[in-house]
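Okay, here's what each chain looks like letter by letter:
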Amino acid sequence: MRADTDTIDEFVASDYKYGFVTDIESESLKPGLGEEAVRFISAKKNEPEWLLEWRMKALRHWEKLECPTWPHVKYPPIDFQAISYYSAPKKKGDGPKSLDEVDPKLLETYEKLGVPLHERARLAGVAVDAVFDSESIGTTFKEDLAKAGVVFCSISEAVQEHPELVRKYLGTVVPYTDNFYATLNSAVFSDGSFVYIPKGTRCPMELSTYFRINAANTGQFERTLIVAEEGSHVSYLEGCTAPMRDENQLHAAVVELVALDNADIKYSTVQNWYPGDEEGRGGIYNFVTKRGICRTNAKISWTQVETGSAITWKYPSVILQGDNSVGEFYSVALTNKAQQADTGTKMVHLGKHTRSTIVSKGISAGRGQNSYRGLVQVGKKAANARNYSQCDSLLIGDRCGAHTFPYIEVKNTTANIEHEATTSKIGEDQIFYCNQRGLETQDAVNMIVNGFCKEVFRELPMEFAVEAQKLLDVSLEGSVG
Amino acid sequence: MLEIKNLLAGIDNKPILKGINLSVNAGEVHAIMGPNGSGKSTLASVLAGREGFDVTGGEVRYKGNDLLDLAPEERAREGVFMAFQYPVEIPGVNSAYFLRSAVNAIRKHRGEEELDAMNFLKAVKAKMKELGLGEEFLKRPVNAGFSGGEKKRNEILQMAMLNPWLAVLDETDSGLDIDALRIVADGVNRLRGPKNAQVVITHYQRLLDYIVPDFVHVLHDGRIIRSGDKSLALELEEKGYDWLVKEAA
Chain H
1 MRADTDTIDE FVASDYKYGF VTDIESESLK PGLGEEAVRF ISAKKNEPEW
51 LLEWRMKALR HWEKLECPTW PHVKYPPIDF QAISYYSAPK KKGDGPKSLD
101 EVDPKLLETY EKLGVPLHER ARLAGVAVDA VFDSESIGTT FKEDLAKAGV
151 VFCSISEAVQ EHPELVRKYL GTVVPYTDNF YATLNSAVFS DGSFVYIPKG
201 TRCPMELSTY FRINAANTGQ FERTLIVAEE GSHVSYLEGC TAPMRDENQL
251 HAAVVELVAL DNADIKYSTV QNWYPGDEEG RGGIYNFVTK RGICRTNAKI
301 SWTQVETGSA ITWKYPSVIL QGDNSVGEFY SVALTNKAQQ ADTGTKMVHL
351 GKHTRSTIVS KGISAGRGQN SYRGLVQVGK KAANARNYSQ CDSLLIGDRC
401 GAHTFPYIEV KNTTANIEHE ATTSKIGEDQ IFYCNQRGLE TQDAVNMIVN
451 GFCKEVFREL PMEFAVEAQK LLDVSLEGSV G
Chain W
1001 MLEIKNLLAG IDNKPILKGI NLSVNAGEVH AIMGPNGSGK STLASVLAGR
1051 EGFDVTGGEV RYKGNDLLDL APEERAREGV FMAFQYPVEI PGVNSAYFLR
1101 SAVNAIRKHR GEEELDAMNF LKAVKAKMKE LGLGEEFLKR PVNAGFSGGE
1151 KKRNEILQMA MLNPWLAVLD ETDSGLDIDA LRIVADGVNR LRGPKNAQVV
1201 ITHYQRLLDY IVPDFVHVLH DGRIIRSGDK SLALELEEKG YDWLVKEAA
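From first to last, the protein sequence lines stand for chains H and W. The first sequence: position 337 = 337 (this note's numbering), numbered continuously. Numbering-wise, this note's numbering comes out as the position in the second sequence, counting from 1, plus 1000.
Extracted from the complex, chain H is given alone in its bound form (with noise of 0.2 Å):
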């Protein structure tokens, strides 16, 4: 059998279709990182003192900070002060007061990408924030929200809103001295969402944040916190997507999340930024820390279909503090054209009978690059930990690449953990074989890739399943002729 070369080649020309700009008047900041940028987004959103000075501290620091270079991608060196630090749509007088007071063309926008955000024409149960550059316009359902005791709204609101829980809470998992992007996010970070689950709620719908870049050369630096009380329980889930530009734009978001005794939260992230053209021209820099704490008995679990972006840059992990705690990390991550992700988690077994699952789906094609990065830590008190990790690579065509860099780090001898990996290609002859039962060779790929991807779908809630699969089914598009 020939190598797949042929028909695999034309595997890599997929149509972004996300791709368009929203013609809107907006206002952004002179590019350049400063004390004045800071200062400038701080009283554009009229912030307490204490957010300005932890704001300046993280700038500070990072002034120190070197960009690391230990990640498994390549990229020219980023030049941070041609970077606007702020965009936000214009607003007219006092800015909208509800959504029907929201500029049409925007909500336009969010219509064309599947978000509706009149409430009337919602997606059945989600509640929905939409964050355009790098202002929240608007969040639905928070009235019925707040009848349950649960504050969802972009965390600029939270800050005047519930000053007390964010300066509680901010910092506490990701503090602004973290790593070189959390630390630059800590200081000109702009929206991004914010939860906050009472004791003993369960939240009534899904949460959910859409963010969208749309103005050049401005970076999004969103900051999400998620805070869920003793014996609560949430999911939330984020979506993204920009225009298709020729320059990279960088996103470095942060999110924490707070699961107090008993609580339990559900983090999905669908993430499709524009991810540059065949040739690696433009597409978003997706460097992003995520991170989640778990007290005794609670449990977080990520979910992360990643297809979209230039370079992703993330590894959501939970640390295990309490007892019998539970970390899960489910990530399906593709790569085409010239894409380039690095990827994985930390579980950090702090407490005793603390357990985790990672279940990591990399799939190259084109030129694609994927590697899977992960740590599994257990501390000396971590008395009979366990953890599972499955690391599985699926390469389509012979340009592509996949890497798996696993660490461990066990100081109790009672800990159990397992590592499973594997790396298998679709072959000219698998799709041959599928061909010759009469199917399309595009439904073939996209019946492999979703075989392999399953044990992850199964984790995200039911719609987003299904618009997962279609993601992925659109981004290998044209893959094969």
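Simulated from the structure, these hints should not be mistaken for laboratory data. Virtual Cβ for every residue (Gly too), placed ideally from N, Cα, C.
Below, simulated SDA-like cross-link-like pairs (lysine to any residue); rule was C-alpha separation at most 25 Å, straight line:
{"id": "1", "chain 1": "W", "residue 1": "K1014", "chain 2": "H", "residue 2": "G427"}
{"id": "2", "chain 1": "H", "residue 1": "K470", "chain 2": "W", "residue 2": "D1116"}
{"id": "3", "chain 1": "H", "residue 1": "K454", "chain 2": "W", "residue 2": "E1135"}
{"id": "4", "chain 1": "H", "residue 1": "K470", "chain 2": "W", "residue 2": "K1139"}
{"id": "5", "chain 1": "W", "residue 1": "K1108", "chain 2": "H", "residue 2": "G451"}
To spell it out: a stretch of chain H is covered by chain W in this simulated footprint if at least three of its residues, at any positions, have a beta carbon under 8 Å from a beta carbon of chain W; those stretches are:
{"id": "6", "segment": "426-434"}
{"id": "7", "segment": "437-445"}
Assemble the complex: chain H is given as a structure, and chain W must be docked to it using the hints.
What follows is chain W alone, placed relative to chain H:
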């Protein structure tokens, strides 16, 4: 049904088929025998449209149309089935799902209504019973971790479900024990009918004890050097291929 005229084909400029002539009518079973390297599997691959094989001359007509002009999936939908010598493993893809997709791709092409999960299961379970296959088959990923015999039986199950006009079996008997051989032969015999035709490619006469062919052809160095009825197969069993090769030379 199938008309092969002076077919020339090869891989990487190396000629393998050097002028094949073969005519297969509906209702017939043809056996193609020959020593290793004679071009048997190349013929099957060219008929199914496998990539990497270049046809350099001649023509193949199937039901009056140019078969070589069709993409592999189009040939399959037109009713050409190939049972693979080495069935391919597809991990993660459930056998039932795979087979239903295939059945529906072909039904759709024929203008028939697609089978829903319930009706498909009913149909497939009936076939499996006929072939003596356990139902756990359906839950496993396509061919993944199957034994050699299971893979071949899976080919026969697929063939039974897809109900092709023309079935090409590429050394389906290789590596089978006698029970598996019977199941395979039984599957082929069930498909026999006035409207269907089968081309059975085999190295050994053994299979032809169970699938009795109407015609036997001996392939050597890319050409059919002798055709006859089933007695030719028995003669080959007795004398080997050498005498024919010498005669042809």
